[in-house]
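Asks: Each chain, letter by letter, is given below.
Number of protein chains: 2
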Amino acid sequence: MTTNNKNNFCVIMGGGIGSRFWPFSRKTLPKQFLDFFGTGRSLLQQTFDRFKKIIPVENILVVTNDMYASLIKEQLPELSSEQILLEPTRRNTAPCIAWAAYHIQAINPDASMVVAPSDHLILKEDEFLDTVQKGLEFVANDDKLLTLGIKPNRPETGYGYIQIAEQTGDNFYKVKTFTEKPELELAQVFVESGEFYWNSGLFMWNVKSILKAGEQLLPELAAKLSAGIGVYGTPQEKRFIDENFPACPNVSIDFGIMEKADNVYVSLGDFGWSDLGTWRSLYELAPKDADRNVTLKCDSLFYNSKGNIVAMPKGKLAVIDGLEGFLVAESDNVLLICKKDSEHAMRKFVNDAQIKMGEDYI
Amino acid sequence: MTTNNKNNFCVIMGGGIGSRFWPFSRKTLPKQFLDFFGTGRSLLQQTFDRFKKIIPVENILVVTNDMYASLIKEQLPELSSEQILLEPTRRNTAPCIAWAAYHIQAINPDASMVVAPSDHLILKEDEFLDTVQKGLEFVANDDKLLTLGIKPNRPETGYGYIQIAEQTGDNFYKVKTFTEKPELELAQVFVESGEFYWNSGLFMWNVKSILKAGEQLLPELAAKLSAGIGVYGTPQEKRFIDENFPACPNVSIDFGIMEKADNVYVSLGDFGWSDLGTWRSLYELAPKDADRNVTLKCDSLFYNSKGNIVAMPKGKLAVIDGLEGFLVAESDNVLLICKKDSEHAMRKFVNDAQIKMGEDYI
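Residue numbers (the numbering used here), protein chains in the order written: chain S, 407 to 768; chain R, 407 to 768.
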């Protein structure tokens, strides 16, 4: 693997405030900044470490929210200020990616880019990076929008799926459809068919192609941000964004472009990938004791207990007797105990906690 | 109520290290020093506040272990150093009470004394104090050992029982038998009989009588401690105790004297009393929400949860979904989650925690 290609850029999206790991993740310290498995590196840092093996470090950008600026600088001191794009307000992925594309275009109009979430887990790194490198070659000189599809190993209902059409190259396929998170029965049909792959939320394209697609499919967004051509990459860029970004439409790149464009391709792989979207997904991936209990960061003593996941700060001891299938998560001023499949209720917990206790508790 | 009688002394036993409220109570901060209900006063302080209404403050003594000296001084600044008797090592109640009796005898050979645990709850204070005052009058000039019996309101298996014999005065009865904690069936028979009362562990007698009983029934103990007559109440007392107390036999006042003496009486009452011996007893006494959940000190949000007791430090929020009949207790570096009736396992939890994590966790 080489980092020689100066045309290759990486955009890490690190602005999420996902509350699904509350209270372990907090508004002031979201998931991407946490080191769930005690490896010494947060998910964001792991993402950065991964891409810098194939992308020149100076070509790696992080797009995040203003409020996480200092956290990003603390966790990724290798980045210069110019490599951190700070959104003044939370929009969706399309405005975030469009801004990054205009920014990169100003630096290098011949650039290709890989866009990646900052909070996913990838266990088979070599295979992953090889696929990304081949993907960047695939899109470098062609007007193609490429996404990464993950070979499903179970009928997961928490992911979107990509249906593949005809093969157009070694491991590249045209995309037939994108589908939302399916019900279990449909998910089973998807997996058995061999035609459906998990949507990883990871994309590759050259800058010209994505900006062209934006002009055609999201003209309102393109109009807002193309007005800044000339200031991107200059000291005036941040002020332009602060003034114009809040007016951009709130739309995802999947809905706004990928599902509508006709030049969308998918590259397939099996990378030991997880979006770590829920406590349950974290549970599935983590090492388990003989009774299938998972302990993250803290210490634990289990009695008559099976299939639990416990996450507390380092140095704390959890003594648990008679629990089955529960999540026990504690951080700072909040302790949460619930069934580990009650992900749907998490938003309610967080809302109620905020109403009862205030901002300091979410 | 008056505190005029200079012959009346109170001995508060405050040396226990009970682990039954672990991790809420810790070896360095046992139950008697805790304010379970958030009233602003610990159980020890409540005990002191109660007795100072009928006993001259200078006649109130606390017997405790060396290691709690600073905690006692912090919580009861009204006490002079001479009023705090510091045991160099943990023995049982008989040596503790015998020392206190010799100490009081040196100050006032005509004294009577009430001996009380430091960690019990009493809700009906006036009735209690009235009974104690009458009890102190009852024993002042007679060779009688008096204990307090509590009218049982349920077939509690966690308490010892006192069977009464013939009445010998207004609310005073001869004691027929002391019994250990009974099985449930027997406890039900006890309660229905009307002859059995809970053993409160609270005693009254004059100093001469208890010392005489000790000489007769616990001669080894009496020999050890009577050797110090002449140094009690002097600056040499502490050194004498440090040298001789560790050699005293480890025996309870119940087993060593009350169950064997033939001049034992009981005074009956219903004082809203609890020895707060278990999380369950604390649960029974505490205010409950509509789903019978109890929250001590912290804040809580319950969903689909019934009959739980949650105790965490002030300022913490517990969010609990799907638990029934559990104890959730957290303090410092330990979180305990178990069925609230698994009191029997508490000692195992504490032992295992110590083995796995060390002294700082118990």
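Hints should not be assumed to be uniformly reliable.
Because identical chains cannot be distinguished in the list, a pair is counted as satisfied if it fits within a single copy or across any two copies.
[As the list claims (entries may be wrong)] The calculated DSSO-like cross-link candidates involving lysine-lysine, where the alpha carbons are at most 30 Å apart (straight line), are:
(1) 557 - 580
(2) 412 - 754
(3) 582 - 762
(4) 540 - 694
(5) 644 - 614
(6) 458 - 580
(7) 762 - 694
(8) 712 - 540
(9) 458 - 745
(10) 458 - 712
(11) 694 - 614
(12) 580 - 703
(13) 479 - 754
(14) 580 - 479
(15) 703 - 720
(16) 587 - 762
FYI, nobody ran anything at the bench for these hints, they're computed from the structure. Quick caveat, the model's predicted, so the values are computed rather than measured.
Asks: Find the hints from earlier in the document that the structure breaks and name them by number, from lowest to highest.
Replies: Per hint list: 2, 3, 4, 8, 9, 10, 11, 12, 13, 14, 16 violated.
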